[in-house]
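Colleague: Let chain A serve as the given structure and place chain B on it in line with the hints.
In order, the protein sequences belong to chains A and B.
Anchor point for the first sequence: position 15 equals 15 in this note's numbering, and the numbering is continuous, going up by one each time.
Add 1000 to a position in the second sequence, counting from 1, and you land on the number used in this note's numbering.
The hints are simulated quantities; they were obtained by calculation from the structure and are not laboratory data.
Worth double-checking, as some hints may not be accurate.
[Claimed, not checked] Here chain A is said to cover these stretches of chain B; the calculated rule only asks that three of the stretch's residues, wherever they fall, bring their Cβ under 8 Å from a Cβ of chain A:
1) 1021-1033
2) 1062-1069
[Stated by the list, open to error] Interface residues of chain B toward chain A, partial, derived using beta-carbon atoms under 10 Å:
3) Leu1055
4) Glu1058
5) Arg1059
6) Leu1115
7) Lys1117
[Said to hold, decoys possible] Chain A residues, not near chain B, derived (Cβ > 10 Å throughout):
8) Val28
9) Ser62
10) Ala80
11) Ala86
12) Arg132
13) Pro140
14) Tyr197
15) Ile313
16) Asn327
17) Lys345
18) Arg349
19) Val431
20) Gly475
21) Ser516
22) Tyr524
23) Ala553
Note that this is a predicted model, so its numbers are computed, not measured.
Just so it is clear, CB atoms sit at the ideal spot from N, CA and C, and this is done for glycine as well.
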Amino acid sequence: MRNAANDVSTGSDLPLNSFQLSRLAQAVEGLTQDQLTWASGYLAGMGAARSAPTLAPTVAPSLTILYASVGGNARAVAEALAESAADRGLAPRLVSVDDYRARDLAKEKLVYVVISTQGEGEPPEGALELFRYLKGKKPPQLGELEYAVFGLGDSSYEFFNQAAKDLDQQLQDLGATSVVDRVDADVDYEVHTQAWYDQVLKIAEKNRPADGAQVIPLQRQAPAVVRYDRNHPYEAEVVDNRRITTDDAIGAVHNLVLEIDPETIRYQPGDSLGVLFRNDPALVDQVLAMTGLSADAAVALQGRSLELREALINERELTQLHPSVVNAWAEQTGNQELLALREDKAQLRNFAGERQLIDLLAEYPGEVTADTLVSLLQPLQPRLYSIASSQAETPDEVHLTVATVEYEAFGREHLGGASGHLTRRVEPGDVQAIYVAENNGFRLPKNGDAPVIMVGAGTGIAPFRGFLQERAATGADGKNWLVFGNRHFHRDFLYQTDWIAHRDAGLLHEVSLAFSRDSDDRPYVQDRLRENGAEVYRWLQEGAHFYVCGGLAMARAVQDTLQAIVETHAGLDAAAAAEYIEELQAEGRYQKDAY
Amino acid sequence: MGGELHPNEDIKARSQHLRGTLRESLVDPLTGALSPDDTQLSKFHGFYEQDDRDLRVERQQKFLEPYYSFMLRARLPGGVCTPEQWLAIDATGRELANGTIRLTTRQTFQFHGILKKNLKPLIQRINQAMIDSISGCGDVNRNVLCDPNPERSALHAEVYGWAKRIGAHLLPKTRAYHEIWLDDEPVAGGETEPLYGETYLPRKFKTAIAVPPRNDVDVYTNDLGFVAIAEDDHLLGFNVLAGGGMGTTHDDNSTYPRLADELGFVQLDDTIAVAEAVLTTQRDFGNRESRRHARLKYTIDRMGLDAFVVEVEKRAGVRFEAARPVQFTTQGDQFGWVRNADGSWHLTLYIENGRVEDTDERRLMSGLRAIAAQHKGEFRITANQNLIVANVPEEEKSAIEDLARAHGLLADGHSPTRLASIACVALPTCSQAMAESERYFPALLDKIDRLAADHGVDDRAIVMRMTGCPNGCARPFAAEVGLVGKGPGRYNLHLGGDGRGQRIARLYRKNLNETGILETLDKLFADYAEQAEADEGFGDFLIRAGVVAPVKNPVEDYHDSA
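Next comes chain A alone, as it looks inside the complex (with noise of 0.2 Å):
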């Protein structure tokens, strides 16, 4: 079918040129009836509300803010960017990089970027057709662009911010502007956002067209569905909360069932679910008799006085050590040893990567005032949890795959952060705190009779319950494969009865297995990918798409496996391997949740 956008472009009388026109079909696009009929009362109210009816001539916004989203923090800043911008009356176009059309950018005069960074350095997901398109054999000329990124990352990772960093070489190597330096955010990337707003829109404001009068105000009293984030999350009730491994499985993972208001909470398979907790009050007691600090003290946090206790349990991050907090307490009791670590920074991640902060407060003891401890710790983070079911099948709950983090190191026993208040503290009929984080990196193919392989490893199985079942309840007819492994078939065999019906429904067609204390071999999902891998290329080029949930270190192992099949199946040689498997990538037929 031809594109729509394309029939009117060429010598037709409408008003519309076709960047306009198909940045209209973008804007417009995923959108429901009811969206719909309201952005068509939108657009005409906006019509109305101009003195002149005749058009001014075309150009492209004066400001583009785009985004690229793994758990929903990259869009939060990039929304509140876009709120600032309308409040100080520009007409900012915001937009997601999976809606992005890459070749536009060389049309743009303003592009602020928000870019988050996955757990191997890589972009976004929906980020990699930009980042093929930048780097491809037919770059865009980018001398007219100026722009700013602001990026999102964790230090405790080893390419930290790698995304926005290569984000900003490329568009400067393509002979764009960079008007503010990036930014690299850490996990409290809070503190930080204002600052850049108000730097990016003063020379935004700048670069306002001559004729000022096109103030387009973003629609801040439309009746916007209410949107659930870290800051505003939504309160749900705990339906059901269960082990689902037998008590002599190495760990425990629990299925949690959330009750949610299917009219307010809509989610997507593959969305992961934000989830806020609240520290486990024994290790907040643990810290206090380290610190010899008192439960009441009153400390100062964002401008509220609270007590010590009531703080590190609601409002500091205990569990995830970070690289800034050791350095912080490495200061504040002038340790060498600590000093020392500052020196090289992967030492300092693994050291980080290691503890919680009770290890480091055992192991280098120290004074501390309860003001200092508050302000040295981060931000109690939430925690994002990959969705473990459809709305089409629930369409009022929402489900989690949890495993309990636990393990003894330092002589001491430790307990996850939000996994341990999953599991251990949560009980049916407690409210909790949750939002939805999109991930449009994870989905489905939107047509139902491409095959679809899913790897997952653990807990990394979570999506893929939610994929089976959006396809059973939409009626998908293509094939699906699950790739699962774990340790034992009889203790975690994750979901084994849900995957037993659908494939006794004609719904699976496909299971590769791989538990790796059940034999001696110790197999893993890779090498069950690898003795099918005629089946998963023919799969592959019957349009596959290819899944991959779980650790990183698994991910990984796949990546390689996958490349190994291709070359072998293929016949072709690592290098054409690799562009076979970047091609996928590109198409969205390749995804990955790894954390």
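Modeller: Here is chain B on its own, set in the frame of chain A:
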């Protein structure tokens, strides 16, 4: 009859001589189970699918399927194996099953808790030791029992030979077992099943040979029975019996336990022909619509005994002579050392409920392994789930006895009633079980022993048998006291067997809990102590005292009230 065939008949007919989709089921990674149809066919290969019923609900709530495993029952004619074979059985049980060996009332051994992935390796292992599991279960003739009677060695050898011969003759001819489990090449040009046909038998078929005066194989509870008629340790022929069977269904009065009828005496040369004729008559006349009415016992009652005999004689080309008079004295085993006619010795060990395992109290498994390592004779599993160390030369006797004593394998110190009693497997693995049996019976017997002692009848051996359901694997309806599981902690109490396996025990009380069982026995023991004649067995006393009326013809009088 005249209704629809039972679904199992179709499964058998479609199975290509018991192959079904067993190969596919074995490699299905998603489940530890077989496909439903294959679970019916697997029985012919010797194994049942089971699941740990203790875990069923809990696993369901965890999105986990039941904990499936398999019970495999070997074919071991007459219960005889060599020490080398025992060592292989022992190692297989430890490495590929749940670490125990279960001796059964069919004079063979079972492995429990075999995971699907271990089925094929396990079957290959036992076959390497020259033991197979063909027809261990299923609608075919099963393991043939044979009196392990130690005293008359020459006669035993002869009778054992017949047990093997009958068993071999009645084996299915399909090569399915060899192809699926032993990787044999498929037979060119297909195969036929001349004896069984495409749908095999309507139901299981059990065969036993007894050597009077001992009835330790409970020959009357079998579909087909042979009673050895001998003169001076020389076998002349058999009295042939047909139509015994234990299985019933609770609260279904059209089902009943039944002892076999005497068809008459046959010469040795006619033995195989008669065995085949009884089997094929059942094949052609048995009920294939209702499995609970499919055993030979119902076929005979429906045809009438005379018509049945005529049919068998016609098929076998044999005229039965009048049955020779025989007398049985006991259903139980003879424990301890017995000297044979040839001067060698047999030692009968006591294995409570046939469960060979190492516990904190007794290390039975290790003990048998140690004995097998130095024993040169053979082992014989009894139909009472015990084990005989057979053919021990005089000079080995004390070493074997020391090992047996050190590992708690001797009968010493157990009450005569306990030694005469047996229980089936039941929970947690048996899918039929309605109540506990093997796991509970020893504790109940402790209390019954105390009661017997209180009444001074603890020197008497009372044959007590417990099962978890009315299918009757431990032959409770042929016991003096039968306890048949009805529901958790509840049992039907049957009384009035004769202790020789020649009278059916009648239902006396329904649905008793432990207190009810003990109160009832307390009263009856008191009467027994007071009124019994010298050497009068408990079952015989209950009949004479009118506590229960004897069952004479179960099809007519079994469901009469006590």
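Colleague: Run through the hints listed earlier and report the numbers of any the structure violates, in increasing order.
Modeller: Going through the list in order, the structure violates no hint and respects every one.
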